[in-house]
Amino acid sequence: MAHEFIDGSTAIVRGALAAGCDFFAGYPITPASPILQMMMTELPARGGVAIQGEDEIASIGMCIGATLAGARTLTATSGPGISLYSENIGLAIIGEVPLVIVDVQRLGPATGGATTVGQGDVQFVRWGTAGGYPIIALAPSTVEECYSLTMRAFDLAERFRCPVFLLTDKDLNMTMRTVDPSALTDMVVRDRDLRRGDEGPPYRYHPPDGVPPMSRYGDEIMRFTGSSHGEDAVITKNPAAVGALNDHLAAKIDDHRAEIEMVTLDHQERAATLILTYGVTAGAARAAVRQTRAGGDAVSLLVVQSLWPVPEEAIGAALEGVTRVVVPELNLGQYRREIDRLASGREIVGVNRVDGKLITPEQIVEALL
Amino acid sequence: MSTTIVPLATYRNETAYPFCPGCGHSSILDQLNEALVRLDLDPKQVVLVSDIGCSGLSDQYFATSAFHGLHGRSLTYAAGIKLARPELEVIVIMGDGGTGIGGAHFLNAARRNVGMTLLVFNNLNFGMTGGQHSTTTPFGAITSTTPGGNLERPLDICATAAVNGAAYVYRGTNFDADLTDRMVEAIETPGFSVLDIWDLCTAYFVPSNKFGKRSLEDTQKRLGLGTGVLEQRDVAEYAAAYRTEAAKRPHSPWLEPHLLESEFTSDLDGPCRLLVMGSAGGKVRSAARLIAEAAIRSGLHATQADDYPITVKTGHSIAELIFSSDPIDFAGIDRPDVMVILSEDGLAKAGPYLAAMTSTGRVVMVPGLGDVETRAALEVLDLERLPGRVAKTELALVALTAAIVGQNVVSAEALRAAAGRGRYAEKNLTAIANGLELTP
Ligand SMILES: Cc1ncc(C[n+]2csc(CCOP(=O)(O)OP(=O)(O)O)c2C)c(N)n1
Ligand code: SF4
Ligand SMILES: [Mg+2]
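Order-wise, the sequence lines are chains Y and D. For reference, each letter of the first sequence is one residue, going 9 to 377 in the numbering used here. For reference, each letter of the second sequence is one residue, going -17 to 422 in the numbering used here.
Any given hint could be a false lead.
Just a few of them, taken from the derived set where beta-carbon distance is under 7 Å, the chain D residues facing chain Y [to be verified]:
(1) Arg55
(2) Ala86
(3) Asn90
(4) Asn146
(5) Pro239
(6) Ser244
(7) His283
Straight line, CA to CA, 30 Å or less: simulated DSSO-like cross-link-like pairs of lysine-lysine [unchecked claim]:
(8) D:Lys409 to D:Lys374
(9) Y:Lys365 to D:Lys331
(10) D:Lys295 to D:Lys409
(11) Y:Lys365 to D:Lys295
(12) D:Lys331 to D:Lys295
(13) D:Lys230 to D:Lys203
Read the hints as simulated data drawn from the structure, not as lab findings. Note that CB positions come from ideal geometry on N, CA and C, so glycine has one too.
Can you build the whole structure from these sequences, using the hints too?
This is the structure we're talking about:
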């Protein structure tokens, strides 16, 4: 039996390459820099392009341009960089640009605990650009998931023609762990749905949840705009056309939540308490569950991988028979807000930490009592 | 995908320009159209990347491909497009506004020389938002945000581009008879070309400053700004240069799977948490990694998290290791089972851990660090027993070997197997041998 000793950054880069990523642009920031570093060395050798932008705005801008020229693009940063990505995230949403954005969270606000662990960007990635349209965010909780969810992020980006966040953190990305290579499971990442000749207008809003094939610069005359546009990609203020565009941007994701939902439920019969968590904190939760069950008590665990849109069905199912929900997270209770609205009538307890240290299994066990 | 080139008699579409009567933007666009006709380019190979502003509306009146993004960022999208598909002809249309909000991109485009042509529609103010001052508003000019006259020095777009490496730099006005020629020249130039084209905003700048065609040239003279072709140099176009260089690059050494066979055994039952507390330059992380790899070769699970200050060459260097016969869900360490202290820097960070350790814990220290307070069992390594002095860079592996081998975690054989490859194999094996001399 052979194992590897790798960290989340390495798994993310490998996952991206396996997904066919051929363009990367980013700006150095711990703890996301190792991804930049690996891409800068590896992509050229594979015939791709990796570039260090003059700042985060340039980096995501280059990614958006490259995607429209046919590339499969990745960028990676941390909270301060996501702040600078904000306006371009909106551009990628309105222009329907597939793109994977890794947010390796560190403790904020601002420069914050450079560089200690945090999970403070959970609501930020959800609401991080003007308009409030749905976004997709996946949160791996192990090194293995860093690999598989990166591939999945690329697939969802193509499926829905939108930016997809991979939300990780300093400890997940920079702690090396024993990994069974066969647990780095590949998936088929769909190719870009490219237009074959004249297939009508470049954008389509009817039915609202449809996702039209894309074009590439050079293949045909192609127009792109970040302003409200009709299906012909021409700027418009026509309320019917603008309304249809914006309904479409929401419907294409909201109406297909089932395709995105991803959780891991470790259910125990008779357990009245459910631990609900995500990301690196899931590690402590798994240890807490083990300890609790070893002590003869029952507890269930739901690890949420698809943070956004909130996997309401799966969470609803996990809440059956549960009277108490414990939500550990490295922020002041950001995802707990979502659970509050889904688990009304139950006792909801947060386990929170914002001092740059991980939540420990013992802290979670304590909250179970 | 067809490869036949279909040049056009005009690259304009049928839609009339939206600009105010007399707005200079219309005239620049007519001349751009003429340049494209003269260049005979395939319209699908031409991407007009427009910024935001009145000038940013321009792309909609052309029958080429287009990208209309965010204010100030047009050069970034253009660079991405060109880098991904270098065969495309990328032309950026930006107002003087873009040279302010996108100043960093402008500077770096000049340095980088990705092959694209930037046309600055420089009407000395923000037209679209109501005639506010811009980076290029001349001294003394009245705008809606400089009611008493502009006090800021105007940006010299051309000098900035030229001094930072742009391949082609030109300044003129939309009235210049040779503007079309210069556009053709700029588009044909490999690398980054800039045309700073002054024009009139008839809605704002003209009425506020009693400005006219003559004033454009007069102002350029008054400000000492050169006109005509100001720079023309051979440069390596970045997208092409990147591909040439990339073809020579080896694959990343970090991504090669490095498989560790579990060919040894370990008697460890449950977890063992080990902290290595040392200093920068002491090879703490690499020594810790060898121990972790040895553990994995012994069938154990391992984690390693490193902690060091941002100033990497000074201060502490700490490695947190966990080994376990079971999968490790939680990689944090509050109370280590074993702590190896290698230096004053390491000791300075050890306080909370020393306090948390119990009598089952072990602290292994190099000599000379003074007294420490802990309930754990304390061992000071007797380095005197070794022949010769232990180098600072070998101390970590020596001490770790002494602390760990013989403690049911990893065997000397497993450690040797982990250490016996690569550039430092010989040094590592010597350090391990020295460490084994010191095992209790
Ligand atoms: C981030 C951001 N800030 C502000 C604006 C508002 N805005 C639109 S156009 C513009 C200035 C345009 O001036 P210029 O680039 O000179 O173009 P002109 O209208 O003069 O052709 C501004 C500030 C914006 N669109 N985006
Ligand atoms: S506001 Fe100024 S720049 Fe805009 S169209 Fe009118 S004249 Fe031209
Ligand atoms: Mg202007």
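Going through the hints against the structure:
no.	hint	verdict
1	Arg55	holds, 5 Å
2	Ala86	holds, 5 Å
3	Asn90	holds, 4 Å
4	Asn146	violated, 12 Å
5	Pro239	holds, 6 Å
6	Ser244	holds, 5 Å
7	His283	holds, 4 Å
8	D:Lys409 to D:Lys374	holds, 12 Å
9	Y:Lys365 to D:Lys331	holds, 15 Å
10	D:Lys295 to D:Lys409	holds, 22 Å
11	Y:Lys365 to D:Lys295	holds, 24 Å
12	D:Lys331 to D:Lys295	holds, 17 Å
13	D:Lys230 to D:Lys203	violated, 49 Å
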